[in-house]
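Dock chain B against chain A, hints included.
Same order as they appear, the protein sequences are chains A and B.
For what it's worth, this note's numbering labels the leading residue of the first sequence as 1, then goes sequentially.
For what it's worth, this note's numbering labels the leading residue of the second sequence as 1, then goes sequentially.
No lab work stands behind these hints: they were computed from the structure.
It should be emphasised that the depicted structure is a prediction, and the values quoted were computed from it without experimental measurement.
Careful: at least some of the hints might be erroneous.
Which chain B residues face chain A? A few, computed with CB under 7 Å, are given here [claimed, not checked]:
#1 Ala17
#2 Ala18
#3 Pro20
#4 Gly21
#5 Leu23
#6 Met24
#7 Ile27
#8 Glu54
#9 Glu58
#10 Ala59
#11 Tyr76
We put the beta carbon where it would ideally sit given N, CA and C, even for glycine.
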Amino acid sequence: MTEHVVIVGGGTGGTVLANDLADRLEPELDAGDVRVTLVNDDPDHVYKPVWLYVPFGQREPDDGRRSFDDLVDDAIDLRIDRVTDIDTDAQRLQFHDGVPSIDYDHLVLATGSMLEPDQIPGLTEGGYNYYSESGATDLRDELLEFTEGDLVLSVIGTPHMCPAAPLEFVFMADDWLRERGFREDVDITYTYPIQRVHGNPHIAEWARPIMEERDINVETFFNAESVDPDAETITSMEGTELDYDLLVTIPPHGGIDLIEEAGLGDDGWVDVDKHTLEAEAAENVYALGDTADTGVPNAGSVAHYQAGVVGQRLASEIRGRPATATYDGKTLCFIETGMDAASFVEFDYENPPSPAPPSEKLHWSKLAYNESYWLTARGLL
Amino acid sequence: MSMTDIEPDETVDARGAACPGPLMDLIGKIRSAESGDVIRLLSDNDQSLTDVPEWAEEAGNELLVVEEFDDHNAFYVEKA
Chain A
1 MTEHVVIVGG GTGGTVLAND LADRLEPELD AGDVRVTLVN DDPDHVYKPV WLYVPFGQRE
61 PDDGRRSFDD LVDDAIDLRI DRVTDIDTDA QRLQFHDGVP SIDYDHLVLA TGSMLEPDQI
121 PGLTEGGYNY YSESGATDLR DELLEFTEGD LVLSVIGTPH MCPAAPLEFV FMADDWLRER
181 GFREDVDITY TYPIQRVHGN PHIAEWARPI MEERDINVET FFNAESVDPD AETITSMEGT
241 ELDYDLLVTI PPHGGIDLIE EAGLGDDGWV DVDKHTLEAE AAENVYALGD TADTGVPNAG
301 SVAHYQAGVV GQRLASEIRG RPATATYDGK TLCFIETGMD AASFVEFDYE NPPSPAPPSE
361 KLHWSKLAYN ESYWLTARGL L
Chain B
1 MSMTDIEPDE TVDARGAACP GPLMDLIGKI RSAESGDVIR LLSDNDQSLT DVPEWAEEAG
61 NELLVVEEFD DHNAFYVEKA
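Isolated chain A (complex conformation) (with noise of 0.2 Å):
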């Protein structure tokens, strides 16, 4: 009988486990005594830490794209379609109409976030952003005509995607109208949603002067309620109204409503052992990435370590041996400080990060890991 392991979602995630299993299961596959599928609703592999540099003219979005087809092991059956229904107990994945269902031996859910900023009135018509590829260009076709006002920006939702990015995006902000001659006549406000600028309190401590070295004004306890495009005002469920003249805002996120409806998480995140990330209202299911309710910032690198422990023991399960493979936590950033400088943070759940003082060198090591990332994607890295 041939075992089968079926992926949804193509994010890092699910890309780096399909290449991860189709080396490490090699004679299995070749034997046909496994098949392993990814599912994803579009036939390119996005790579969205691209997006950060877009609306400053460094990156375009195209430049985040490769197609599945260049990307993913030939011993890897690709399945470009949408999953309409999760049923773990008869072990099936649905598709619309007419498509044929899938049956699984070994699901792992990887369908990461999504964005919702119609939970805050006014956000979509007021609001930009660059946690999308349209968002980012809309962005900056409007950085580029900016050069004084109010720039304000809101982190709304949390859990969102790279904790880090919110703060890239002021610094370098900062830095960009700075060299370009327009910070004098520009205020940049940053909002967030509890009482200090970051989610991890050390990150928190280590940016919190620097933005006051900047000028870069700060709102804490800042939870937007209403946008009022009218007007350009943002207000929070604290009482707090800012003015704006440019909005960029970290929209709420959730997951995709098929994993609440399969009674897997709330808000469409699986709950996990965080250590194992074996689904708990399920067998025979994993979640990793954003789509894992474990805590841990959602960020590619998480999602890219995640796959190598699913790896693990999926292999060790398909060859019926005890899974002892296990996730410690294991996070990795750079943090842009500006145009031409980055620290970098790792840390787990026992031991909290400690920024490394911003340097050149961490900045081109950023943007030449973001170039090799297509590596990691394919497995090798």
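Coordinates of chain B only, in the frame set by chain A:
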């Protein structure tokens, strides 16, 4: 420790979540609640003991009571 007979309108179980997850879970639930609703937040993160009172005061919501249990705390917050 104070026990309460307050009946919450909704409960958010954020036990096991790392900071600031519990507070963000509470804020998310308050966001969709009606004025006067009482939300009960269950958290085993000690940071919630300072995060939740600070945010409740900042947002004008009332922290009615905190029940302390051996392995977690229960925060009752009434939406203004």
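Here is how each hint holds up against the structure:
Interface hint status for B/Ala17: upheld, as the beta-carbon distance to the closest one in chain A is roughly 6 Å, under 7 Å. Because the beta carbon of B/Ala18 sits about 4 Å from the nearest beta carbon in chain A, less than 7 Å, this interface hint is met. With 7 Å as the threshold, the beta carbon of B/Pro20 comes within range of chain A, its nearest partner Cβ sitting at about 5 Å, so the hint holds. At a threshold of 7 Å, the smallest CB-CB gap from B/Gly21 to chain A is about 6 Å, leaving the interface hint in force.
The closest approach between the C-beta of B/Leu23 and any C-beta of chain A is roughly 6 Å, which is under the 7 Å cut-off, so the hint is satisfied. Of the supplied interface hints, the one on B/Met24 holds, with its beta-carbon coming within about 5 Å of a beta-carbon of chain A, less than 7 Å. At about 5 Å, the closest approach between the beta carbon of B/Ile27 and any beta carbon in chain A falls short of 7 Å, and the interface hint on this residue holds. The interface hint given for B/Glu54 holds, since its Cβ lies 6 Å from the closest Cβ of chain A, which is under the 7 Å cut-off.
For B/Glu58, the interface hint holds, the least distance from its beta-carbon to any beta-carbon of chain A being 4 Å, beneath 7 Å. Below 7 Å, beta-carbon pairs count as interface contacts, and B/Ala59 has one with chain A at about 5 Å; its hint therefore holds. For B/Tyr76, the interface hint is violated, the least distance from its beta-carbon to any beta-carbon of chain A being 18 Å, above 7 Å.
In this structure, only the earlier hint numbered 11 is contradicted, and the remaining ones agree with it.
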